[in-house]
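Build out the structure end to end from the sequences listed, making use of the hints.
Letter by letter, the chains look like this.
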Amino acid sequence: MSTLIAHSSILIIAVTLATAFLTPLVGIASKRARNTLIVLALAFVAFLVVALARDVMLNQIHVYTLGAAAPDLTIPGGAIVPVRIILEVDGLSAFMGIVIAIVSLVAVIYSMSALKTETGQNGFYTLLLLMAAGMFGMVFTGDLFNLFVFLEITSISGAALIAFRTKFADSQEGGFKYIVVSAVASLMILFAIGLLYSQYNLLNIGALAATMEYTMLDRIALVILMSAFVMKLGGVPLHMWLSDTYSVAPASIPALLIVASQASLYALLRTSFTLYGVTLDQSVAGWIIIIVGLLSMFVGVTMAILQTDITRLIAYNCVCESGFMLVGLGVGLAVLADPGALDAFGTMAMNGAVFHMINHALFEGLLFLVAGAIFYRIGTRDLNQMCGLGHTMKLTSVLFLLGALASAGIPPFNGFASKILIYESVYQFNPILTMIGILVSILTLAVFMKVFFSAFTGASLPRYRDVREVPRPMVAAMIVLAAGIIFFGLFPGLVLDWIVQPATDALVNQGAYIDAIMGAVP
Amino acid sequence: MSKIVRTVANQLILFVVIFGLYVIIQGHVTPGGGFQGGAIIASGAVLLIVASGSQEIKTWLRERRLSVVESSGALLFILLAFAGIGTVFFFNFLVGSRLFGGIPSVGPNPGDVWTGGVIPLMNLGVGLKVMAGLSAVVLALALFSGGEELEE
Amino acid sequence: MIHSLPGNFPFVAAVVLLGIGLYILIFRRNLIKIVMGIAILGSSINLFLITLGYRIDGDAPIYTEVPSELMVLPVVQALTLTNIVIGVATSALILSLVIRIYRHTGTLDSVKSRRMKG
Amino acid sequence: MSLLIEAGYEFWNPIIWLIAFAVLMALVFLFRKRGQAKYKKDTDQTRIFLCGEEVPEAEQRYVRGGNVYWGFFETLKEYYNGVVRPHTGVVNDYVIWFVAVTAISAIVLFIVELAR
Chain A
198 MSTLIAHSSI LIIAVTLATA FLTPLVGIAS KRARNTLIVL ALAFVAFLVV ALARDVMLNQ
258 IHVYTLGAAA PDLTIPGGAI VPVRIILEVD GLSAFMGIVI AIVSLVAVIY SMSALKTETG
318 QNGFYTLLLL MAAGMFGMVF TGDLFNLFVF LEITSISGAA LIAFRTKFAD SQEGGFKYIV
378 VSAVASLMIL FAIGLLYSQY NLLNIGALAA TMEYTMLDRI ALVILMSAFV MKLGGVPLHM
438 WLSDTYSVAP ASIPALLIVA SQASLYALLR TSFTLYGVTL DQSVAGWIII IVGLLSMFVG
498 VTMAILQTDI TRLIAYNCVC ESGFMLVGLG VGLAVLADPG ALDAFGTMAM NGAVFHMINH
558 ALFEGLLFLV AGAIFYRIGT RDLNQMCGLG HTMKLTSVLF LLGALASAGI PPFNGFASKI
618 LIYESVYQFN PILTMIGILV SILTLAVFMK VFFSAFTGAS LPRYRDVREV PRPMVAAMIV
678 LAAGIIFFGL FPGLVLDWIV QPATDALVNQ GAYIDAIMGA VP
Chain B
27 MSKIVRTVAN QLILFVVIFG LYVIIQGHVT PGGGFQGGAI IASGAVLLIV ASGSQEIKTW
87 LRERRLSVVE SSGALLFILL AFAGIGTVFF FNFLVGSRLF GGIPSVGPNP GDVWTGGVIP
147 LMNLGVGLKV MAGLSAVVLA LALFSGGEEL EE
Chain C
-12 MIHSLPGNFP FVAAVVLLGI GLYILIFRRN LIKIVMGIAI LGSSINLFLI TLGYRIDGDA
48 PIYTEVPSEL MVLPVVQALT LTNIVIGVAT SALILSLVIR IYRHTGTLDS VKSRRMKG
Chain D
830 MSLLIEAGYE FWNPIIWLIA FAVLMALVFL FRKRGQAKYK KDTDQTRIFL CGEEVPEAEQ
890 RYVRGGNVYW GFFETLKEYY NGVVRPHTGV VNDYVIWFVA VTAISAIVLF IVELAR
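Residue numbers (this note's numbering), protein chains in the order written: chain A, 198 to 719; chain B, 27 to 178; chain C, -12 to 105; chain D, 830 to 945.
Careful: at least some of the hints might be erroneous.
As the list claims (entries may be wrong) - Label pairs and their computed distance ranges (CB to CB): (1) D:E903 <-> A:M632: 20 to 28 Å; (2) A:Q257 <-> B:G122: 29 to 37 Å; (3) D:R945 <-> C:V53: 47 to 55 Å; (4) A:A680 <-> C:F(-2): 50 to 58 Å; (5) A:A534 <-> B:D138: 51 to 59 Å; (6) D:W899 <-> A:D540: 46 to 54 Å; (7) C:R15 <-> D:R893: 35 to 43 Å; (8) A:D540 <-> C:I71: 46 to 54 Å; (9) A:I639 <-> D:F939: 33 to 41 Å; (10) B:G127 <-> A:Q257: 37 to 45 Å; (11) B:I44 <-> C:A0: 33 to 41 Å; (12) C:I71 <-> A:G716: 28 to 36 Å.
What the hints assert, rightly or not - If you want the ones that stay clear, here's a sample from chain B, every Cβ over 12 Å from chain C, calculated: (13) Y48; (14) G70; (15) L87; (16) L106.
Hints are computed from structural coordinates only; laboratory data are not their basis. The C-beta atom is built at its ideal place from N, Cα and C for all residues, glycine as well.
If you want it as structure tokens, here you go:
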């Protein structure tokens, strides 16, 4: 078991990748075998993630050097800087790993029946697993260049998945926009990595952070990295691709795309907290993030309320929810250098934001799956054509309501637990932020009441008389997420202590991250 | 294309493949490697497509076969990486054993191909994947521009 | 590092290429030209990285032909190679999507072919 | 007690909330029980009553999703005109926004540092 945990960080990535390449071979022989293989592999990966997270949170940061004589041999004899590809898993990485594992498993189970009739399923699952592997790699790597590579893996497979249904013109357009935006963002990230490499001849995040001097070139690199990651995570005003892509992707893919956005948010945090950390002028960078977050909240929710396409509406709501995270983390960044303020409210704001990340993945994932279920049965995403679906899809409507209430921050669901942490802590930083946050939450409720009113309530139309509940695997996938929402809402203290607090500690504690790589060597 | 072009292309493809394999196998001692060699072989596929037309090539260069080769290449790479997991993932477990010519000296050395341990084999895996993948891409684009869809 | 002005020409060229790439991405509405813009952006960054790796009197790390034990560490070359590979994958994917968009909408103009807005 | 969240000013314990909710639901149930329990199915008692007018068919009877919150959009027309216009859906504009945001945040960063 201890050997398994010692190797788990690479096994998580490698098993996912190997399954991705086995999928076409097995799929030619038998569909059933392929589906079983994928589910088993992802369940094994989820188990590894949980074991790894438990180990990281109980003991110490987990370092894995690929190809070395020992996993923790980051600086071999004769060298003074880390060489080879190094994976580094701290509390935040493990937390993100848990989010990715849950959502990809749910998405696969949902797709198994939602896409049963589509062609090209071998390719679909290969891409899905590649995307999961890319996201695992993004959050586990300790190396800036690997971050870029895994980001590209995630975005290329994501674009192919968005454009998977080739018969629709708009899904082709969505895939095109996603790949163009991703390509520009990641090329600029590579440019910034080049700027950093030109000064320090290093690519490892921990080693770079140890030698960071915050010169002029570092500032330019910081700005480019920050705006590129904000572009990838969809913060206003760089969010416009998000509604175009999430709304056209097949059934379960938006849930994965949300997690991909969160992985970009993770990269933003890694950059600003760990890579730059204490050298950075925190209040300016923090305020830039806060302003982006505020804009995301406000523009996201006001655009969402206008939409008549159900997935597009939820996509705009995603923009709004990521605004909450950005505000919480921005407040944390702004007071990073001030231990008093950090203790008083900074840590709590970051706790709330990190907690909101997993909650966001759960409830927005559920909402997208419900929207996918509606599309599966009636073949349209247009709210104008929906009415009275609650008569025949009772369970789906209840699940939708659950996700909607969680998103609007209604107790006792998980959205409330994280939002109250953000409200209360941000209030001590600047009361106006909290007021805007509460206003946005109220508008979010209005947004979802619009959907609930026009899709599920009302007279049962003759043309939708024959609509039935979706097949069981889809319902099961939705219920897993719903159970998560209720559990996280009823026991927020447990979740905070187990997985959120270690993640926040990892963010604040830059020295531990550096020490895990550099060891005793200065 | 004319008969001359087709005949020349058919003869030339052998040399293209041999050169590609050379670049793949020598990848760890000279500039080159799996991607470059695979791309060279895939350029041979481009040559065939240009010479004989995508319709004719399609009859034997099938998407499904390419996909099998591609997946096997990637699997070969990952399995070799897994094989080192007794020490560390990606550990070069073959290098240094007597069968593989011992550990080469640091600095200038004759550059014997077999001293690389698993690296030439991994290059081969990458080469297979890139060859199949790029050929599939080129073939797909050629068929697309002719107004066709790929077979499932 | 190179400090003389002629030595900085590759960096200038990289920045100029970056500007050209961004200019194409912003002002050219043809989808094929957008693909070209991304390729040029990628090339500019490749050039930038390769230039970073240049060392005066450095030896290429080809073990069979190197005169001494001092060789250049080929990290940026590896990065460039990876970026080229990724660029190939990206271009192939975008081009296939462009073909599909053209088939669905009958135009290559990014404004005319758009279906989603607002 | 790990069930509870300390949130600066007060605490949040979902279990207490659930108990309060259950008590409220019990009250609601009591009120509901006092109502008339019996009605006859398939008679005029279950038909929709609309001031004695003819009730339209289900197809015409529902409010379409696009018409919900009509007044809200009408009041905030100017805001919406401003905020919808940048959402052009053209991929070139997305790149413009990216370049603009990078430039603006660089300028802000440098100006603030110069001012210190």
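**OP:** Just pull the numbers of the violated hints for me, sorted ascending.
**Re:** Per hint list: zero violations.
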